[in-house]
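Novice: So you can see what is in the structure, the chains are spelled out below.
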Amino acid sequence: MLRHQATPMAMSAPVAPFPQVDHQRAVFAEELALDCGVTLASHAVAYRTYGRLNAAHSNAVLVCHALTGDQYLAETNPVTGKPGWWDNIVGPGRPLDTNRYFIICANVLGGCMGSTGPREEMTDAAGQGQGRPWGTDFPNITIRDMVRQQKRLVEHLGIERLLAVVGGSMGGMQALQWAACYPESVYGCVPIACAAQHSAQNIAFDEVGRAAIHADPDYKGGRYWEDGRVPAQGLSVARMVAHITYLSEEALQRKFGRKLRGAQTLTLLEDVFEVQSYLRYQGSTFVRRFDANSYLTITRATDYLDIAAEHDGSLANAFSGTATRFFVASFSSDWLYPTSESRHIVRALNAAAANVSFVEFPTDKGHDAFLLEEPEFHRALGGFLAGCAARLGV
Amino acid sequence: MPDTHPPIQYVAKNMRLDLRLIAEMVTPGARVLDIGCGDGALLAHLTTTKGADARGIEIDMAEVTEAVANGLAVIHGDADNDLAFYPDAAFDYVILSRTLQAVERPREVLRQMLRIGRHAIVSFPNFGHWQVRWQLLTGGHMPMTGTWHRPWYETPNIHPCSIRDFFDLCALEGYVVEQWLAADENGLRAPWRRSARLANLFGEQALFLLRRG
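The listed protein sequences correspond, in order, to chains H and X.
Going letter by letter, the first sequence gives residues 425 to 818 in this note's numbering.
Going letter by letter, the second sequence gives residues 104 to 316 in this note's numbering.
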């Protein structure tokens, strides 16, 4: 994650347009009713699969991506040219073993990698295209809406019950919502480094990001798509702030400390700290692949999340009588979704008498640890999935 | 990797003998919670041999990871803080093996065990053993035996008790002792089952099966 490259900046430089990629999609003509009351007349899910669905259709694992992730889980991303975001976990012989499981990963509703969202063509109540993107007219969505749409995809692929739903961060929230909404369709559920509701601090950080986007003159009230510009400055700042929350203090200190770019000592002139340069790089690459309105839509969806509130104020109610097996994982230095949040989930699952495993993995890598080399985490994840598979005779 | 270690066939090679005595008390198909389950040896044994729905709580992270990697349902937690979150009668058996003496509030832990489980199975090292008594009597030092082998300033065993103490607590709390036995350090059943007094003198550890009165 902490791959460091030359400073690109001049942050106001024009940004190269999105590469046009034809994503693999499933288009649904049946309507999708959203939590906000709006109904999408038709909708599409962009997705990728890895491995083969077995004859019994019993080996499917759905992986849910995080806020700025996408469906390119374990292959070169056609937009960024970088390896899949969970390449280290998905593949033959890996914890998400493609020789054994049929792995599905879908771009979330509201995303900008081919699924229905602010960047896709707006449709009217009859499902007719309007010749313009949704932009800020895209309805407010929730994590549960994302999951409802994924359920359509899973059914479309002929799968009644998923062997497991796995996800980290916002992906973990989706995994929890899957287990809460469709318990009979989820044999195993793995919410990683996440929470069952956004805290005030989570919402506050998201709001800083949104404020930065809104404050960018190029944002133009969300209609930046009209003249082909993007609010690069604002979106970049949003990414920079968010990125700080993904790392631990120790990891930042270890990687950058007070090191300067191209100098040994402070001159008090044009000094650039390494950490500054790193964040600017993170921001500048992000704006080339992510849509600002999508960012606003998805961060709002995470802020709206409160699974307990959807079940009379009790998180345990959301899982009462569940037969799903859970593996909740957290990382010791994650301060975005700290272990206390995971423990809260575990205690609710215990109160629901659910079958639950829980490990807090010691690491100094912060929230991002779920994406990085954490051999113990990978071993436990692989073992949990293999246990589910063995019990189902997969 | 998963193919070479099928989790269901996980073999509890190193399962302590006293865990085998505990396993004998569990009826087939039971719902079991093992508090302080270590790497899950007993859970695996109960799952394979008794078809139990077996779950665990363990305080040591490395042990939890090992158990989860073997496909067992174990959470990182401890007896003092995590039992309160389970519903009443969620389990048929709640097991606490050789841990009661190390918890902060043993009486409360027992109460929780018999709230969330129909039965409690408790084993503990017996502080009434003659060697313990002899060492304190003759040497005037805290005893150091095969069972009590950590010096007083670093032992985690903050609430040692004897077999008779435990009987007294059960009487005080109104728990019914359905079965009990004393064993030696290796978990071999000892022959003083009729006399608590003799067991208290010669048993290195004790095993109780309780239910609410």
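Rather than coming from a laboratory, the hints here were simulated on the basis of the structure.
Glycine included, each C-beta is placed from N, C-alpha and C at the ideal position.
A few of these clues could be false.
Said to hold, decoys possible - From chain X, some residues computed to sit far from chain H (all C-beta separations above 12 Å): (1) Val167; (2) Pro190; (3) Arg236.
Stated by the list, open to error - Label pairs and their calculated CB-CB ranges: (4) H:Thr560 x X:Gly154: 53 to 59 Å; (5) X:Pro131 x H:Ala450: 42 to 48 Å; (6) X:Ala192 x H:Gln700: 38 to 44 Å; (7) H:Gly555 x X:Asn184: 58 to 64 Å.
To be verified - If you want the footprint, here are the derived chain H segments under chain X, 3+ residues with CB under 8 Å: (8) 505-512; (9) 806-816.
Novice: List in ascending order the numbers of the hints, as given earlier, that are violated by the structure.
Specialist: 1, 2, 6, 8
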